[in-house]
Amino acid sequence: MSLRSLSLLHSLICLLVCFGSAGGCTPSASKPEPSKDASEKNAPGKVQANAPGKGPTKLIGISILTTANPFFVEISEAVKQEALKAGYELVSVSGEYDSNKQQNQVKDFIVQKVAAIILTPCDSRAVGTAIQEANAAGIPVFTADIASIAAGAKVVTHVATDNYSGGRQAAIAMIEALGGKGKVAILDFPQVESVMLRTKGFRDELEEQTKSNGVAIQIVGLLPGDGAKDKSYKATQDLLQSHPDLQGIFAINDPSALGCYAALENANMADKIKIIGFDGQIDGKRAIRDGKIYADPIQFPVRIGQETLAVILKYLNGEDVPSEILIPTELYRQADAKSDASL
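Residue numbers (the numbering used here): 7 to 349.
No wet-lab data here; the hints were simulated from the structure.
Among the clues, some could well be false.
Only pairs whose alpha carbons sit at most 20 Å apart, straight line, appear in this in silico EDC-like list of lysine to aspartate or glutamate [what the hints assert, rightly or not]:
no., residue 1, residue 2
1, Lys298, Asp236
2, Lys119, Glu139
3, Lys298, Glu336
4, Lys86, Asp114
5, Lys278, Asp244
6, Lys64, Asp114
7, Lys187, Glu214
8, Lys107, Glu139
9, Lys278, Glu182
10, Lys189, Asp114
11, Lys160, Asp326
12, Lys187, Asp251
13, Lys187, Asp168
14, Lys160, Glu139
15, Lys217, Glu182
16, Lys187, Asp277
17, Lys189, Asp210
18, Lys64, Glu83
19, Lys64, Glu325
20, Lys206, Asp168
21, Lys298, Glu271
22, Lys206, Asp114
23, Lys91, Glu80
24, Lys240, Glu214
25, Lys160, Asp277
Label pairs and their computed distance ranges (CB to CB) [to be verified]:
no., residue 1, residue 2, range
26, Arg292, His249, 26 to 34 Å
27, Asp210, Ser348, 26 to 34 Å
28, Ala316, Val117, 22 to 30 Å
Yeah, the Cβ is synthetic: ideal placement off N, Cα and C, and Gly gets one too.
Assemble the whole structure, with the sequences as input and the hints as a guide.
Right, dumping it as structure tokens:
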């Protein structure tokens, strides 16, 4: 066989070996092994990051009135727990009684493209601008405990205590405490819609009881305590100066009631003036147990938070939802506190 024939035969054999063997005769990139991450993404039961409807974490924003009052913290925490169960993350902030700060927080929510916004307004009228901005951005707004009364501001649903009925219960407690007669004052917070309803219920019940049952309780003073312990302390001092013959004070929440009691104690008047509070927070209940506060119409902040998140989920799911959900109060007296296992 000639050298040329041998050369051709050698080339043919080489080609056959290249195509028939597992490795090529020329360099080539080997097939990469699937990464652990890729394997997990495609494994049964695993959700892919780009699966339909499973994009980035879904957000809900909440701005509460203040963190100084445990009532609002409980609302926020209840919303958070329910949101997590539904696959949402809660962005929780506090306006701390500052309407401008709360409006900026709503702007931040809009930038974050939250699915819904929950507000407990710092001011029921001033909050309107913030709500309108959210409306313009197409983000649904819900209010909890404190409603908006601003014209042109659209709120899907308001979830709250039945504050008007609670105010009437507070009046019933005052009638009990004073035996149906005496001079009383109110520690108010007029910027807040829920308090407007409480004080209206209180006044209406006293008026009706005066007409029908001969009750002789006269409201002689009204000062803003702004729902805060320190301001209510000072307001109570002022009331004592103006009305030294006071026999009862309706404080519109527990911080107000506790500030009121501190002022009475400082003036050696704690045993002469009855306090009716509102809320039913732990500190308030303990004060009722200890005889510092006569009674509270108590609220249920956890339920308010739960109901708020539930109605948001229904709305986002395309269901019809009510414009208002009201949760009744219960009158809580010393006998209730003494049998309360949570104290």
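Exercise. Any of the earlier hints contradicted here, and which numbers?
Worked result: As far as the earlier hints go, 10, 13, 22, 24 and 25 are violated by this structure, in ascending order.
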